[in-house]
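Given chain A, work out where chains B and U should sit, using these hints.
The listed protein sequences correspond, in order, to chains A, B and U. The working numbering puts the first sequence at residues 1 to 510. The working numbering puts the second sequence at residues 1001 to 1266. The working numbering puts the third sequence at residues 2001 to 2437.
Mixed in with the good hints, there may be bad ones.
Beta-carbon label-pair distances, calculated as ranges [stated by the list, open to error]:
| # | chain 1 | residue 1 | chain 2 | residue 2 | range |
| --- | --- | --- | --- | --- | --- |
| 1 | A | Ser239 | B | Ala1158 | 48 to 54 Å |
| 2 | A | Glu187 | B | Pro1097 | 50 to 56 Å |
| 3 | B | Glu1119 | A | Gln66 | 41 to 47 Å |
| 4 | U | Arg2174 | B | Lys1130 | 30 to 36 Å |
Calculated directly from the structure, the hints in this document are not laboratory data. Glycine residues also receive a C-beta, built at the ideal position from the N, C-alpha and C atoms.
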Amino acid sequence: MIRRELIGIAFRNLSRHRVKTIITVTGVAVSVALYIFMDAWLLGMNLDSKRNIVSYEIGAAKIQTQAYFEKKDDLPMYESFSNWKPIVQALEEGGYVAAPRMVFSGTLYSRSGSAPMVFHGVDPKAERKVLRYSNYLEVGRFPQGGTFEMAVGLLAAEKLKLHIPQKITVKELEEKLLRMALHPDEEAFVRRLYEHKLYRTSGETGKRGEGQLVEGVYFLRRDVSREELNRFWDLLLSSGENDVRISTVIDIKEESGKIRHVYQVMEGKVVGIINSPNPKTNGNVAYLPLDVLSGEAGLLLEDQVTEILVRGASAKDGSLPKPDETPEAIVESLKRVGYSLPPTLRVYSWMDYVKDYIAASRQDDVTTRIMILLLFILSFLGIANTMLMAILERTREIGMMRALGMTDGELILSYLFEAGMIGLIGGIVGMVLGSVANIPMVNYGVDYSSMARELSGDFGYRITALFRSAWNPGTIIGSGIVATLISALLSIPPILRALKMPVTESLRFE
Amino acid sequence: MTKGTQVRGGLVLFAALLVTSFLPTPGIAQAQDSSGGVHPGVPSAVELLARVDANEVYDSITYEGEMVIEYQGKRFLKVFKAAGRGNTDSFVEFLNPEDRGTRYLKKEGRLYVYSPDTESIMLISGHLLKESMMGSDLSYEDTIDNDTLSARYTPVLAGSEEVKGRRSWVLELTARKRTESYPKRKLWIDAGTGELLRMEMYALSGAKLKEYELIRSERIGNRYFPVEFVMRDLLRKDSRTFFRMRNVVLDARIPDSVFSMRNLRK
Amino acid sequence: MEVMKGLESKGSPIGRKARGGSGSLDLLLIAYRNLNRNRRRTILCVVAVALAVFFNIFMQSWIEGMYKSIEEVVQTFETGHLQLVSKGFEEEKEYLPVQFPLEDGKAVEDLVSRIETLPGVKAALPRIVTYASLFDSVVKHAIVWGIEGERELSLHPLNLTERGSGMVEGRFPRKGENACAVGVGFAGKAGIRVGDRLPFKMVSAQFSDKFWNPEVVGIFKFDYRKYDEGVILVPFDRLQRILVLGEGTQQLFIYLEDAAYVEEMKQPIQALLGEGSVIHSWKENYWVAYLRNSTFLFVIIFSVFQIVASFLIINTIVMVIHERIKEIGMMGALGMTRGEIVQVFFFEAVLLSVFGAFAGSLLGGIVTWIGSLFPLDMEMFTGGGMKDFPISGTLILTFSVQILGKGFLFGVVVSALCTLFPSLKSAFIEPVEALRR
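Okay, chain A solo, but in the shape it has when bound:
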């Protein structure tokens, strides 16, 4: 018999046992789809923290002076460089987005206290192009250029009482309202945002009746709308509640190499609170416009910055930097547009800043791989199981075929085809299902912060949590192929077993 006829038989068998075929195909498809989905999820998890670093903290690369890089833990602002505009321009011509920054440390003073902070002088527009933390404002807005406005991390804002309090004691609220000296209507509006209630401190497991009743506390109403929050925030801003002072020491390197310190105090206003998925942006950090730092009211920078962040112009948020975003590629592309970096400047990969982390996460891959392997075993055990059963019960049929004069080779081949076909169809359906399920997971992700909050109860910490899967084409195609192969191969042992059986016996096989 020629092969085509064997394929024909395989097809006919498939349609003849339609129900069984459907069950088996479904089994394979679901296994493949879930495997693809989970692999994308685990890969996403593995990439997540790296993506957080790239998307919210560093970008794909940084341009800094070598001297700065070597002392980067001390934030040596005196190792800055000037004349950055041509570099940014050349980068943009070369297909990148770039954001200049001046990073310095200092103390932020609010009405209620002070906190040590790391300040980032940024170009708000450029910053938005390269990094994404500005999309995660808990309340308020990102600072505008030309002003001493700043956005601070949530934890710092809470410590310095620069936020909209979730709960506030009666005394504190009255004091705040007194300070704010609002119009009676506005004051009434603010009071409406809060409800006075007795509450129980969370007991062991949050069970009813545990903990103690606490009095004299206002809680922000649960149903407060975004608009109301914004209005309250604007009132806070206009009444000066969010006025702050930055105290810092400007380090200036003299020609002799000696570092001099100049005291500086800047008056500003906190206009936004950041709560992004990267905890580093939510801690003791502040972002303020770079341009106001240039003069005597700022840091005497003139044209100095400590770093330029670089990211590919077309880079997707969900993916890690591509080969065209490596330091080498960036330098190369600068050359192409006719710009060469001054000798003191270097391009450093984002990985250079998180070396410890990278070294460790290489091992992290091991964990992910083990998990995937386990899932793989589980999924394909499903396929194996269904295939094995499908073939086993056909022992009698095999006997019949042999009785009708088919050779062993032809039989094996026809069953291989049949089983492979099931695997192929199931695999393709699974690939499609898995990929379809992946699309929203990769593009939008799951914002599980509210869910997480519900699950874990109110810990007093608001944690932003967005999770995204990642595409893994290798797995998607590979799992289809593997499903086909496994299905086909798994049909061999039962066939061989059936072939070993005398025809008469296999006809009687139950």
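For chains B and U alone, coordinates are given in the frame of chain A:
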């Protein structure tokens, strides 16, 4: 000015160092003052500042010091004995119970500390020199070199005012170099005695950072030496520091043994 | 037909019914025999359920172990069960100030003895944590950690992995001794060995600079990166003296008989103290909250695993039923009612589930038991970059009967539920039609 230039840094290292940064007063002023009733007219700003600086010119100093730190409703008292010679040698010993036995010696450009807790001598060097002393805004390094106000600032006479009933000239100082710690200062100088009555230090942006106020000065030889004053750090809430100096002796001979390692260990 | 063999040997179910016998036990027996009849299929099914249960157990134990690890690190190093500090400290805590002693510097022994008399309190331990500037130019800053070493160790281990003192070289500094111990990471970076002097500067309770150079008498590895890399451990009383805290302390760590009852204990402890004190429980720690939130991710992974595993079970059972439709006809023809047929299939599946779940629990129990004895290197899980993350460098899987029980129950319930639908379906097939298939 043979030996005694810039005693300031060498002096006392710690508390007194804060003092010497603004060590004021006259010398030249006395002549005019003692001539009695003569109105000197309007002096030049440079001259006024030179008067303030001139006070810092002495060969040696010994005194007993007291510092009271008031911070958030708490008071901390520190008592110490200090001796300084030229710009090179100084010795400080703490006497208050909490810090008793802690001694600092500056000699030949090196800074040593003796800690009674460990009974050992340590050399302060490297990055530690950059650390602030006792939470002040002066680093150990700052104690090693420091120039006169005249050398560092350009003064402008900004009029005259009454300070606690004393007529005084107001000087506005602008740093000569952009690397000066306090880019601007404002000084109130007693028109009669030339004492520095008040001083304000400003950040680059013009925000006021610190205030110095004279409480009492003592006439030592022909100087009006500030022996009691108060400093305020305006960024810190409820924080001020009082300084008091007793038994100040200027320009006396101090034996070498005071500035010796043996004295440090004692 | 073999099914019938089973039936014959027990006598006809119809006959039984007529006599009013319940028959359920018989049906169970029939189901059991059916399992034996097709051993290969049974094995496949059992393996599927067992694997599902195993994963359930393993992942629960993993997550639990991670929880425990972080909670224990927080409880040991960061907050105790309850942490007592003054309001002044609380406001400036980033700077670890020693100028705001607890209860305005009241004698710590007095505080301790008062708190320790409270029922439910195991111990109250004073600690001082402050920053130090080192003379060394490589490692410039460190945290000085003054603890009552002997009492701490008698209460809990400091190396949570090996559950010991964590000393890898030398010994703990003794009470009052002019000595310290440093972490392995710290020692490595600064090139310090046992016997060296380690000079540094601190700021005292009166804002005076205090210089100290204790002898390094020990090198520890607590398996908690933050401490191994940046902490100088010194005797509490010596540090108290040098920082001139008098009899007072900066913080008091309270350990309870049961860490869960922190909220209940806050009130009576607060009652012993003045207005100026703040109590924190370990549950308020940011990272404890953070981990609890991230657990959501693991819950999802966990559920997908369960879905895959459950699907394995469903698929197997659907196959089993489909393939046995003919038998349904036969059973019907022999007079079994629909209910009985469903029961036979259902019992069969339940037996499979129970065997599978049992096998899975056994395997899971063995693996997690081994995992609870041999810690896994967690560096590969947390990433060494998370220096601030209070988790020890290794993970110990949690071995608990509760987890095993939950896993077993999960297996049985899920499989039984998965089986219900196809079993019910079996009842709707007309026996006559089934025979024709």
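Now for the hints, and whether the structure bears them out:
A C-beta distance of roughly 35 Å is found between Ser239 (chain A) and Ala1158 (chain B), which places it outside the suggested range of 48 to 54 Å. One distance hint, 50 to 56 Å for the beta-carbon pair Glu187 (chain A) and Pro1097 (chain B), holds here, with the actual separation near 53 Å. Distance hint check for Glu1119 (chain B) and Gln66 (chain A): the Cβ-Cβ separation is about 45 Å, which falls inside the suggested range of 41 to 47 Å. Hint check: Arg2174 (chain U) to Lys1130 (chain B), Cβ distance near 35 Å, so the stated range 30 to 36 Å holds.
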